[in-house]
Structure formats: structure tokens, C-alpha cells
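**Q** Between the sequences and the hints, there should be enough to build the whole structure, so can you do that?
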Amino acid sequence: MTQKTTTLGPLQYGIILLTVATAVIHFSLLFPDLLFILNGLGYLALLLALYLPLPALEPYRHLIRWTLLAYTAVTVVLWIFIGSRVPIAYIDKAIEVALIILLWLEGQRAGER
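In the numbering used here, the protein residues as written are 24 to 136.
Hints are computed from structural coordinates only; laboratory data are not their basis.
Every value quoted in this text rests on a predicted model; they were computed, and no experiment measured them.
Where hints are given, some of them may not hold.
What the hints assert, rightly or not - Derived Cβ-Cβ restraints for the label pairs, each shown as a range:
(1) W102 x L67: 14 to 24 angstroms
(2) V109 x R132: 28 to 38 angstroms
(3) V100 x V43: 29 to 39 angstroms
(4) I124 x L101: 18 to 28 angstroms
(5) L64 x H85: 20 to 30 angstroms
(6) A133 x L40: 15 to 25 angstroms
(7) P76 x G106: 29 to 39 angstroms
(8) W127 x L71: 12 to 22 angstroms
(9) V43 x Y113: 12 to 22 angstroms
(10) T30 x L53: 17 to 27 angstroms
Every residue gets a Cβ at the ideal spot worked out from N, C-alpha and C, and that includes glycine.
**A** Structure representation (C-alpha cells):
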């Protein structure tokens, strides 16, 4: 039996960097607000599920990728309606929009629709 492994290239490193960046920002926002801590943990959990070399997760990578994309999109939409308009929030939303784009591109390259 052959085992498929996730190859990390520039696109994947970009996704990792942007996800960690937005998680760190969420951890630092209004600390110790539980909502921001949970949001940051959600980003990291989905990132680990996406790239950790666990064979049991392999059949679900496409679903995990789209879940991370949707999670990020929901975070942006909720900020539009109820978020604080502080400078770091605008930086974080730019990071999240870039993350959405990279996740979508990775899905397209993987042949997912």
C-alpha cells in the first residue's frame, strides 16, 4: 500500500504563515476574551488537521481545506457586522482574505470543486 503525503510548497507555507498570523492576532485581541481565544484555537486546529501527516485524515483533506476556508470567511463576515474597527482588525481581515484566496487556489490545484 502506498501512502500519500502532503508536499509543502510555497502555497502551503503561505497558508501556514497566514493562519498562524491570524491565530496570534486573535489570541492577542481583548485577551482573555474566550471568543477570541477559541477563534485562534479553531484556526490552529484546522491548520494542523490540514497538514499533519496523519493517514487517517488523508481522505478528508479536501473537506478540512474547505472548512478552514469557510471558517475564515465566517470570521470576516461576522467582523463586518459586529467587529471593532481598530487598525489591527483591518490588518487581520487583509490576512484572512489572503488566506481565503490561497486556500481556494490550493483546492483548485488539487482538482477540487
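**Q** Could you tell me which of the hints above the structure violates, numbers in ascending order?
**A** 3 and 10
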